[in-house]
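Place chain B on chain A using the hints.
Number of protein chains: 2
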Amino acid sequence: MIPNKKKPEVVQSIQWIDDHIRIIDQTYLPHREFFLDIFEVGRVWEAIRSLRVRGAPAIGIAAAYGVYLGVKDLPEDSIQPFHTDVEGICEYLATARPTAVNLTWALGQAVRLTHDMKDEPFSKVKEALLDLAKSIHEEDKRICADIGKNGQELIPKNAGILTHCNTGSLATGQYGTALSIIYHAHLGKKKVHVWVDETRPLLQGSRLTTWELEKTGVPHRLITDSMAAWVMKEKGVDLVVVGTDRVARNGDTANKIGTYALAILARHHNIPFYVAAPISSIDFSIASGDEIPIEERDTGEVLALAGRQIAPSDTPVYNPAFDVTPHELITAFVTEKGIIRPDFSKNLEKLRPQQG
Amino acid sequence: MIPNKKKPEVVQSIQWIDDHIRIIDQTYLPHREFFLDIFEVGRVWEAIRSLRVRGAPAIGIAAAYGVYLGVKDLPEDSIQPFHTDVEGICEYLATARPTAVNLTWALGQAVRLTHDMKDEPFSKVKEALLDLAKSIHEEDKRICADIGKNGQELIPKNAGILTHCNTGSLATGQYGTALSIIYHAHLGKKKVHVWVDETRPLLQGSRLTTWELEKTGVPHRLITDSMAAWVMKEKGVDLVVVGTDRVARNGDTANKIGTYALAILARHHNIPFYVAAPISSIDFSIASGDEIPIEERDTGEVLALAGRQIAPSDTPVYNPAFDVTPHELITAFVTEKGIIRPDFSKNLEKLRPQQG
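So the sequences go chain by chain: A and B.
Per the numbering used here, the very first residue in the first sequence carries number 1; after that it's consecutive.
Per the numbering used here, the very first residue in the second sequence carries number 1; after that it's consecutive.
Looking at chain A on its own, in the form it has when it is part of the complex:
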């Protein structure tokens, strides 16, 4: 691990600029830092679907702005009640990725707001939808910072930390979830070093997490997913920390495919396994992971890589984008409200948002 002396750089994966969204198009990383300006809701859907913007919290933010982009040019004198339009747009955006709960959570807020304002003029509702998106965005930054601060107490000095996928600034408003914990431990001079799983098939680890860690000067080493067990046995891994796309009431956790394996491997090696989870990723409507839909993605993601075919083209493929880690394998959740330990059914319940 080569210590990196560069000045850390704060990455902003999503920005709102006057009348549109600007994202770092993550499909071009790490080769090019290409910024994409998005003015239309259809483009937001495509950017989420194609993983130009990705990571559960970032998807929620992008979708919230997307709702505003979808309504902003609608005529304000329509006979049809505007909440019908908003609901239609939200239903459409929700189809972009089925697993992440932040997407439906953000869209649900937009629908609720529209209903609450049903007696107000459409122009005011439009403004309020933009304000909602901005506040979801700002709140996510605060939440990520709090997750980082809360989680870094779990990190021993000189810790070897293994992580999966990308859970950093690229996946959130800022800092990230699991990576926020790592950043905060690093900033707290704990001299951590990070083992980065490449995270096949889409290589969010090798393409994105290494890129972020390099920018922020956190020492790290890249491995293939298949090396994690051996690294745990031979190289000193003190903890595993991952993000999540959806947590059930009992603590069962959907996250990027490969997470379940890491949880088993961590248990085998007596290594704590932490999940960084904003409260918005807890789905209080489902009792267990059995109710989480698992997105299956295109076979081409496994058969090819960066446009290069790596298997016979007619090879049958199974390509689930996520898996579910049973709560028994999870040591603790790190939320913006603190660290949650078992019994998860009881302790997660205390975080359920009170609705008026």
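Keep in mind the hints are simulated off the structure, nothing from the lab.
What you are looking at is a predicted structure, and each value in this text was computed from that prediction instead of being measured.
No residue lacks a Cβ here, since even glycine has one placed at the ideal position from N, Cα and C.
Be careful, since some hints might not be right.
Claimed, not checked - Across the chosen pairs, the derived CB separations fall in these ranges:
| # | chain 1 | residue 1 | chain 2 | residue 2 | range |
| --- | --- | --- | --- | --- | --- |
| 1 | B | T95 | A | E234 | 32 to 40 Å |
| 2 | B | E40 | A | D37 | 53 to 61 Å |
| 3 | A | H269 | B | R341 | 21 to 29 Å |
| 4 | B | P219 | A | K190 | 31 to 39 Å |
| 5 | B | I17 | A | E46 | 49 to 57 Å |
| 6 | A | K190 | B | R112 | 54 to 62 Å |
| 7 | B | E234 | A | H269 | 17 to 25 Å |
Below, chain B without anything else, positioned relative to chain A:
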């Protein structure tokens, strides 16, 4: 899984043709079936090092022919004793890959033969070295067939089988080791279906195993390494079977990186974990896996894929080519002499070749 109705095709990864070796250059698969003719020992070394020929048994076969290629044009009236030349060539070939024991095993036989024939004319020794290579080659075919026949009794009807790397005809004289078991179960009409791990970094699963299984008509599906745990939990895996590069006296087993993880995951899901091991891959000189050297390969294998960079180019990488699975996680070994169950220290010992 699409049933494949093609006529099965027998793959010959290595052939001896008149005065040279012909191999399928595996670095071109699955895109091109490119045959490489090798006339010189230096090219044999390069072919082994660059994985043009790979798989522990196939490496042993190629190296045995390589010794003959190295000596065949040496003058027969040299003052220097010819066993010095042979030893030099064998030491050189042994440096091509450090982990596979078959390589040193085959080379050891060549050295022994040369010593045994030290009073014979060099021309006769040359002939004997070629005959030795041919007999190692033929014996490997018989051994692989026997492993297949012995192992298929472990396979239930309609079994879901998970395998790693490539252990088929491409890796051996014919049929393979772990894949030979699968082939024989398939030929025995057991209606097996195979989950093929892609096996990063070098993708022997996606590039080679899928190609072989397609040619032989065995139903299969490709997954990334990170999906194995989820497939075990959700998709019905009845057993895992892998090959090996070296087995210690106590049963600790070195094999392609990722094998150790699969053994832990199989144990967690109560799935039997079998290792197909020709007796030549058992290293009776070492007591445990701690004594097995683990080859670390070039960082470029992880940073790039098929010439395409997939991570920032200055990213630090750890790239062990193998890991060691402790014997406790292994259900049984399948050898040409039958199935070996624990206590491995006792039961493997019975296979130790008697030397005169």
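Results for each hint:
no.: 1; hint: T95(B) with E234(A): 32 to 40 Å; result: 24 Å, violated
no.: 2; hint: E40(B) with D37(A): 53 to 61 Å; result: 59 Å, holds
no.: 3; hint: H269(A) with R341(B): 21 to 29 Å; result: 26 Å, holds
no.: 4; hint: P219(B) with K190(A): 31 to 39 Å; result: 50 Å, violated
no.: 5; hint: I17(B) with E46(A): 49 to 57 Å; result: 55 Å, holds
no.: 6; hint: K190(A) with R112(B): 54 to 62 Å; result: 56 Å, holds
no.: 7; hint: E234(B) with H269(A): 17 to 25 Å; result: 24 Å, holds
When held up to the earlier numbered hints, the structure conflicts with 1 and 4 and fits the remainder.
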